[in-house]
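Trainee: From first to last, the protein sequence lines stand for chains A and B.
Those letters in the first sequence? Residues 25 to 206, by the numbering used here.
Those letters in the second sequence? Residues 3 to 210, by the numbering used here.
Accuracy of the hints is not assured; some may be wrong.
Unchecked claim - Simulated restraints, written as ranges between beta carbons of each label pair:
| # | chain 1 | residue 1 | chain 2 | residue 2 | range |
| --- | --- | --- | --- | --- | --- |
| 1 | A | 25 | B | 86 | 28 to 36 Å |
| 2 | A | 72 | B | 87 | 24 to 32 Å |
| 3 | A | 162 | B | 63 | 15 to 23 Å |
To be verified - A short list of chain B residues far from chain A (calculated; beta carbon distances all over 12 Å):
| # | residue |
| --- | --- |
| 4 | 11 |
| 5 | 128 |
| 6 | 182 |
Please keep in mind that the hints were generated in silico from the structure rather than gathered at the bench.
Positions of the beta carbon are idealized from the N, C-alpha and C atoms, including for glycine.
Chain by chain, the residues run as shown.
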Amino acid sequence: MVLAAAKGDERAWRKLVHQYKRLVYSIPRSYRLSDETCDDVFQTIFATLVRELPAIKDPGALTKWLMTSTHRECWKAAKRDRTHQGVSLEQTSRADLSAELPHDRAEHWERQQMLDTALSNLGGRCERLLRLLYLSAVQIPYDQIGETLGIAVGSVGPTRARCLAKLAEALGPLDDADVRVP
Amino acid sequence: MTIQPTTHQDLASYALGEASPDAAAKVEQSLTASPELRAGLARIKDALGMLSRAELHEPPSALVQSALRLVGPRTQSPTWLERAADAIAKLVFDSVATPGLAGFRSSATLDARHMTFDCEGGEIDLEILAPNVGSGVHRVTGQIAISGELLPSSVGYVLHGSGNARTSTIDERGRFTLELTGGRWDLRFVVQVGDQERVIALPQLEIG
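With the rest of the complex left out, here is chain B (with noise of 0.2 Å):
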């Protein structure tokens, strides 16, 4: 009768106290004989052990998912702030800059200026206030009127090279207020055509 060898499968079961009795007296005496199998039986029980003390635990696939996303190809159309712009407003009026012209444009004060931007056949009207004392934020108010076609949605803004982006809505009167600190502006006004949305440019606004 032939006696089969030890194999490393009869040693992990006798490592996990599987092997009927016959096995097991079979393995230990293959062990006394085989440094080999001595070996392999230790890096079996050393498998074991760390199996044992495992402590890996499977994250939610919805996070794992959310970080394969960061790299590869967008699933999601870019934000406002991420599109170059389609077109960029002109700047055509500043009662900063012209404080004498008559009308509505020159009640230019110390506690308001007025700005006029020219874009896509309308135009986008701004008012900047001065700060309340001591809270350093200036309420700017404005209405962009543009051809008919073009709906208005939202105006983002950033302060430039900060990355801290926020939007604001624009109502159906193309109506929208802000609130920004002192300093250099980026605005966006992003607007549909049909399905499709454009974004319009400012230059960028100093303010305070």
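Next comes chain A alone, as it looks inside the complex (with noise of 0.2 Å):
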């Protein structure tokens, strides 16, 4: 797909859009970035990316090249404002971002583009109902949820725990401790 799209094949890059399109947005969210400026940031590392890809070797190092230049992007945007607003960056809320991806958030990042990439590869109503209970930013009620997905309020539990088993199936075995919910 990363090849395809660098010979400026259109289905690939619409692709390799899609599937990253929530982690460069996702970033700039994290640091409270404002709405403008979390745009400004998603539309740079496309744009910048659309020039980089014929010299990304390896497709492996996508999510790597794009989590590190959507930060770096963040840390510039985050600079440009405290210049406009005369104010320090450790006076804002963004006190923690520094130049530098840190190693914690990168691993962070790659957890959740991982996410991102299962709930994708599920699809379907299982994709729509994971996405609706957990990633909404505001909590959505069981029946709206029914009537969203055109199934039986009594429907969402038995649903959602057959999904989640599909999803864990998905995402395989995973190493590190500290994902695990005790």
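Please assemble the complex out of the two chains, which come individually in their own frames, going by the hints.
Mentor: So, in structure tokens, the structure goes:
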């Protein structure tokens, strides 16, 4: 997909954008940058990616490139905001934003991308249900979820269990203990 | 009575706390006897933990569309800068090269340079003024006069190699004004022919 997109294949590019759009948008959101700045970061990263794709020899390195570049762009945007507002970065809610992406944040975003890809691979009702239940900005009541998905309210619970089992299978075994729920 | 084996959906219901007391007891009994089921439950708990800590936001649709448009067929016509010129105007007079000519075109002084280009059965006149002291910016005024069915609409200009293109409008009498710094400039005139556009390029202009 990466190699095809680098050669200008429109379908491969579409797939690539949809696969990574949430990662690229979520990183600036996590630093509570303004909506406008989040949009700017998103556009800058994908515009840069179009130019840089041919130089990314290892398709497996794309997630890392996106995480690092997006973080770096957030840092630059926060610095610009600081200059405009005349306040130091430490005085803002973005004090945790450093020039380099810290190792633990890199791991965090790598797992977010893994989860996003697994959800996308599930597709259909399972993907929609799990995104509605766990990724919505606000909590959505079961009856509304049932209505959106066209299933009875009483089926939402069992469907959630079935979809969670499928997601676990799609994710495969995780070897890092820090993601386990006690 | 046949006892149904514990499925991964049963494990997920159990992990979610949604299993009935009887179903939960059955799962716990199965877990004691099966390392595979214990591994399955651990994977389900891992997945549930990742979902609970998910920090994935959906970007606005318009934003995604703008990224998708970066590759693939263009939906908009190319800009004047991206198009090959339909015609190249030919320099027919330059006051710097021929300072001795008579008439208006002989009024070349150190403060102004006059140039005329032939194109499309008409001509383009330019007057390039010396910059004000300290500004480094040359004021360029001009007029494009071409055959009646061609309607000049704008002039695009870019400092050669900079990629920083700008556009200026042309009034109904074909007049335009530009402010150019020293350097080599590419100028292109966009003219309307009915509902079509033609691009007329000038030979590269060296200023300063």
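Trainee: Of the hints given before, which are not true for this structure?
Mentor: Structure breaks hint 4 only.
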